[in-house]
Amino acid sequence: MAPKYAARIAKSVADLRRVQALRAEVFRGGKSDADSTDLRCTHILIEENGTGRAVCVFRLQAFESGAKIGQSYAATLYDLTRLQSYEGKLLEIGRFCIDPRDQDPDILRLAWAVLAAYVDQNRIGLLFGCSSFSGANPKAHLEAFTRLKARHLAPRRFSPEIKAPEVFRFSRLETMPNESNGQIAQPPLLRSYLSMGAWVSDHAVLDRDLGTMHVFTGLEIAAIPARRKRLLRAAGRALGPLA
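My numbering applies: residue 134 is where the sequence shown begins, and numbers increase by one.
These are calculated hints, taken from the structure and not from any lab test. Heads up, the beta-carbon is just placed ideally off N, CA and C, and yes, glycines get one too. Some hints here could point you the wrong way.
[Said to hold, decoys possible] In silico SDA-like pairs for lysine to any residue, Cα to Cα no more than 20 angstroms straight-line:
#, residue 1, residue 2
1, Lys362, Gly221
2, Lys137, Arg370
3, Lys137, Pro238
4, Lys144, Asp171
5, Lys201, Lys222
6, Lys282, Gln254
7, Lys222, Ile257
8, Lys296, Ser218
9, Lys222, Glu353
10, Lys144, Ala318
11, Lys137, Ala318
12, Lys272, Ala318
[Stated by the list, open to error] Taking CB as the label site, the calculated pair distances span:
#, residue 1, residue 2, range
13, Leu364, Lys296, 32 to 42 angstroms
14, Arg363, Pro298, 39 to 49 angstroms
15, Arg234, Val146, 19 to 29 angstroms
16, Val146, Glu307, 14 to 24 angstroms
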C-alpha cells in the first residue's frame with residue numbers, strides 16, 4: 134500500500150506561503166503568521182499524497198554550537214546563557230503544527246522520521262524548541278505543569294532563565310500530579326519529546342500574541358533510549374536524503 138503522506142523541504146516562495154498559511158490557521162485563526170526567523174530556517178512540509186494538502190509543517194534552524202544559540206527564536210523568550218557552553222551542534226524546531234482536522238498518528242511519526250534523518254545527516258547533538266499549550270491561562274493546564282515539575286525539569290547546567298515579561302513559574306506548584314490526566318493533557322509533540330528523555334524549563338512563557346503558553350524543551354540525542362533511537366534512525370534512513 135502506498136504511504137498516505139510524504140515529507141519534503143519547502144523550496145519556493147509558494148511553498149513557504151503554504152507553510153505560513155497552515156500556521157496562520159492553527160496559531161492565529163487565519164491571520165498572517167510570518168516573521169524574520171522564517172528567512173533563516175529550513176521549512177518542512179508534510180503533504181497528503183494524492184491531494185497535495187499540507188497536513189503538518191515545521192521549521193528547522195541549525196547551530197554549530199551553543200555559542201550561537203542567541204540567534205534562535207527561543208532566545209527571544211528565554212535567557213539561554215547556560216546553553217551557550219554546549220559544544221555540539223544544536224537544532225531548533227519551531228512553529229510545529231498539524232492541521233486540526235487530521236488526527237492520524239502517522240503524521241507525527243513521519244515528522245519524527247524527518248527529524249531523525251536530519252539529525253543523523255547533520256550530526257546534531259541537541260534538539261530544542263518551544264512546546265506550546267493552547268490558551269494563555271495556566272489554570273487550564275495545572276496537572277500537566279505539575280507533572281513537568283515532578284519529572285522533567287532541566288538539569289541546572291542547561292536550565293533557561295526568565296526573560297519574557299509574563300511567565301508562569303510552575304516549578305513553584307505544590308500539588309502532586311494526577312498521573313493519567315497530566316500525561317493526556319500534554320501536547321502531542323511534547324509528549325513525544327518527554328518519552329525520549331527530554332527536559333523543560335521551570336516556567337512557561339505566556340504568549341498573548343499567539344494565544345499560547347510555551348515551555349522550553351531540550352532533548353539530548355545521546356539520552357534517547359537505545360531501542361527508540363534504533364527505531365527512529367531506521368525510519369529516518371527509510372526516507373532517504375531530504376529533498
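Given the hint that Lys222 pairs with Ile257, test it: the Cα-Cα distance must not exceed 20 angstroms. Roughly 5 angstroms between the alpha carbons, so the hint for Lys222 and Ile257 holds.
Between the alpha carbons of Lys362 and Gly221, is the straight-line distance 20 angstroms or under? holds, 18 angstroms
For the pair supplied as a hint, Lys222 and Glu353, confirm whether the alpha-carbon distance does not exceed 20 angstroms. Holds: Lys222 and Glu353 sit about 10 angstroms apart, inside 20 angstroms.
So does Val146 sit 14 to 24 angstroms from Glu307, Cβ to Cβ? violated, 51 angstroms
Can you confirm whether the C-alpha distance between Lys272 and Ala318 stays at or below 20 angstroms? Within the cut-off at roughly 12 angstroms; holds.
Is the Cα-Cα distance between Lys201 and Lys222 20 angstroms or less? At roughly 10 angstroms apart (the allowed maximum being 20 angstroms), Lys222 and Lys201 satisfy the hint.
Taken at face value, is the distance from the CA of Ser218 to the CA of Lys296 at most 20 angstroms? With Cα atoms ~19 angstroms apart, Lys296 and Ser218 stay inside 20 angstroms; holds.
Between Lys137 and Ala318, does the CA-CA distance stay at or below 20 angstroms? violated, 28 angstroms
Status of the given 32 to 42 angstroms range, CB of Lys296 versus CB of Leu364: holds, 36 angstroms
For the pair supplied as a hint, Lys144 and Asp171, confirm whether the alpha-carbon distance does not exceed 20 angstroms. Roughly 13 angstroms between the alpha carbons, so the hint for Lys144 and Asp171 holds.
Val146 and Arg234 - C-beta distance against the hinted 19 to 29 angstroms: Because 25 angstroms falls inside the window, the suggested range holds.
Just to be careful, I want the Cα atoms of Lys144 and Ala318 compared with a cutoff of 20 angstroms; is the pair within it? violated, 35 angstroms
Comparing the model with each numbered hint stated earlier shows that hints 6, 10, 11 and 16 do not hold.
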